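Asks: Sequences and hints are given; from them, build the entire structure.
2 protein chains.
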Amino acid sequence: MSSSKTPINVAILGATGRVGQELIKVLEERKFPVKEFRALASARSKDSKVMFNGKEYSVQEPSEEAFKGIDLVLASAGADISEKLAPLAVKQGACVIDNSNAFRMDPSVPLVVPEVNGEALKQHKGIIANPNCSTAQLVVVLKPLHDAAGLKRVIVSTYQSVSGAGKEAMEELELQTKAISNGGEYKPQVFQHQIAYNLIPHIDKFLPNGYTKEEMKVVQETQKILGLSDLPVTCTAVRVPVVISHSESVLVELEKELSPEKAQDILAKSPAVEVVDNPSEALYPTPLEAAGKDPVYVGRIRVDTSSKNGLNMWVVADNLRIGAALNAVRIAEYMLEHNLIRSMVNA
Amino acid sequence: MSSSKTPINVAILGATGRVGQELIKVLEERKFPVKEFRALASARSKDSKVMFNGKEYSVQEPSEEAFKGIDLVLASAGADISEKLAPLAVKQGACVIDNSNAFRMDPSVPLVVPEVNGEALKQHKGIIANPNCSTAQLVVVLKPLHDAAGLKRVIVSTYQSVSGAGKEAMEELELQTKAISNGGEYKPQVFQHQIAYNLIPHIDKFLPNGYTKEEMKVVQETQKILGLSDLPVTCTAVRVPVVISHSESVLVELEKELSPEKAQDILAKSPAVEVVDNPSEALYPTPLEAAGKDPVYVGRIRVDTSSKNGLNMWVVADNLRIGAALNAVRIAEYMLEHNLIRSMVNA
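Keeping their order, the protein sequence lines are chains C and Y. Here this note's numbering is used: position 23 in the first sequence is 23, and no number is missing along the way. Numbering-wise, this note's numbering comes out as the position in the second sequence, counting from 1, plus 347.
Read the hints as simulated data drawn from the structure, not as lab findings. Please read all numbers here as calculations on a predicted model, not as lab measurements. C-beta atoms are modelled at their ideal positions from N, C-alpha and C, and glycine is treated no differently. Careful: at least some of the hints might be erroneous.
[As the list claims (entries may be wrong)] Calculated pairs, DSSO-like style, for lysine-lysine (alpha carbon to alpha carbon, straight line, at most 27 Å):
1) C:K213 with C:K152
2) Y:K382 with C:K262
3) C:K213 with Y:K655
4) Y:K525 with C:K167
5) Y:K609 with C:K205
[Said to hold, decoys possible] If you only want the chain Y side, here are some residues facing chain C, beta carbon under 10 Å, derived:
6) L578
7) P588
8) W661
Replies: Below, the structure written as structure tokens:
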């Protein structure tokens with residue numbers, strides 16, 4: 001019997017949030033082998049209930065006690081909460097796959113997209129970091145291109161949906177759009193400026209170098225996941241009035257020449273990628289069509305008009321799935337498959 | 348008396364369209380010296396009336412006859428109509444400032460943004476081309492940077508509003524958003540795909556090299572206006588659900604080092620540019636704030652993390668103004684000021 005079938009005890013930390021809900025959906029869809037299920041969320045959600053596999057679960061407040069007997073914690077409750085609680089869960093013998101940025105750049109914590117660097121999971125010490133959503137979909141495309149022709153430089157401009165900022169942000173876009181459509185107004189609460197019919201080039205906090213944290217995550221996490229610490233990467237991250245899916249205009253400069261046709265072939269072979277690239281039929285990825293789906297979609301692949309061996313492309317994926325819940329569950333599946341769940345190792 | 352005060356006879360070709368209406372507004376705002384005014388538009392708009400300086404004008408169908416006595420035609424009725432009618436207007440002694448792409452790459456036609464290459468107007472032979480909207484706002488920012496530190500390469504990803512696609516496109520975004528907000532649907536008619544809550548990486552037709560015409564306009568028109576025919580430029584052009592103003596994520600590589608502070612200073616001195624760049628106060632350009640205004644707004648200026656002497660920045664402008672009507676009227680003002688209106692020269 002494959003170890004991947006051995007059911008384990010799973011807790012979701014942040015179970016009532018947008019990504020928490022998506023985690024539950026993905027566990028169900030993929031029939032992840034769950035023995036005991038626990039839903040954890042902040043005091044604010046104490047009286048909520050969540051459904052998992054047709055059964056209702058009361059939401060519990062997280063504590064060291066609440067992690068007892070749990071093999072795997074899927075955490076998506078923000079960096080502050082992860083920083084405090086992940087070590088407690090590990091102390092109780094659980095592995096934590098953390099969706100926040102609390103541990104991503106910690107050299108002792110693997111930062112993993114299984115299709116790209118699953119091997120890194122073998123070094124884990126209890127906590128595993130799930131990359132930023134913009135990074136996850138990017139590295140899935142960069143890796144096969146790097147293997148084929150050697151990455152020299154990566155330039156990214158993002159078009160990020162509001163769901164990356166949580167449930168309240170999605171509501172704000174919806175209600176604000178409605179209000180404006182009806183000639184009214186709706187003051188920004190989640191976002192710094194109006195997001196309906198607008199763009200905001202500001203995601204996460206600003207750093208002293210003029211970049212946002214979001215932009216520097218793309219730079220640093222891409223380098224870490226690809227194991228290319230000196231790879232030149234730059235990013236401009238922009239919030240757009242789209243509900244789900246992040247899109248990216250990506251320019252890659254390569255060591256060797258790679259034709260768009262060859263790049264299409266290489267990417268089409270990657271199990272995590274789907275190439276949608278037929279301009280004559282107006283076929284290319286759009287965020288609307290990517291929403292709710294698993295692949296990272298790539299299209300508009302063409303020779304860069306401004307460099308030798310450069311390719312421009314357009315990369316779109318559901319940020320709640322590949323960028324968060326799906327990647328976290330894929331990490332868990334890889335760990336099960338390779339006997340890397342801590343409690344199993346200790347047993 | 349300055350020649351710039353001498354009133355001339357002006358016709359607007361495409362007077363009922365989105366840019367035509369904006370042309371009228373800009374002529375009024377800037378008190379452009381109009382002696383006789385004529386509104387021309389296709390048979391479809393024959394029974395319409397337009398207002399100019401508080402007076403109502405019947406819309407006439409354009410013909411060689413209709414250009415008689417006109418000194419200046421401001422044309423914004425599409426490339427096919429311009430190709431047919433502009434030579435007829437010139438034959439009648441008028442100058443034509445054409446907003447379509449019919450003549451932009453014609454070596455005998457000046458392609459002009461007055462703040463950048465007004466001098467080129469001195470070579471005109473009757474027709475003057477107004478650049479593509481995405482290009483106009485870009486070159487206004489590139490020129491001072493080039494003068495200060497030498498442009499080596501330009502990489503652009505655009506976030507273009509629906510008004511760039513005309514009045515019907517604006518209506519489609521509005522009605523489609525309303526329908527979807529109310530749980531209904533609205534089939535795309537102007538755009539290839541749903542634009543409400545979505546992105547479409549497809550503006551104008553696709554070319555054999557995989558780029559859209561819009562993207563190659565940015566490449567070629569930028570080279571022509573700056574007089575740098577070998578400048579490496581690349582572009583990805585994307586339609587976003589914003590009503591007015593185009594935004595651009597721009598990476599410039601420079602010959603010489605230029606600090607973001609110095610770049611701010613240089614750009615702030617340009618009369619056509621306004622620097623909005625104070626991240627700590629969440630101040631940067633947004634399309635919503637740029638709409639209806641004259642400057643090209645620049646912010647998020649920072650050192651590129653992927654090249655030597657590179658700068659990333661965020662450029663936003665009202666595409667109907669700087670990208671169309673305002674630039675056309677500024678060309679007309681420059682021509683008046685320098686006695687370059689043909690009928691005046693011939694007189």
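Asks: Give a verdict on every hint.
Replies: Verification of the hints:
Pair hint K213 of chain C plus K152 of chain C holds up; C-alpha atoms about 23 Å apart against a cutoff of 27 Å. Under the criterion of a C-alpha separation no larger than 27 Å, the hint pairing K382 of chain Y with K262 of chain C is inconsistent with the structure, at around 61 Å. Distance restraint check for K213 of chain C and K655 of chain Y: the Cα-Cα separation of roughly 22 Å lies within the 27 Å cut-off, and the hinted pair is therefore satisfied. Restraint check for K525 of chain Y and K167 of chain C: satisfied, since their Cα atoms lie roughly 21 Å apart, inside the 27 Å limit.
Annotation: proposed proximity of K609 of chain Y to K205 of chain C holds, straight-line Cα distance about 24 Å (limit 27 Å). Interface hint at L578 of chain Y: satisfied, since its Cβ lies 9 Å from the closest Cβ of chain C, which is below the 10 Å cut-off. Residue-level restraint check for P588 of chain Y holds (minimum Cβ-Cβ distance to chain C is 5 Å; threshold 10 Å). Hint status for W661 of chain Y: holds, given a least beta-carbon distance of 5 Å to chain C, under 10 Å.
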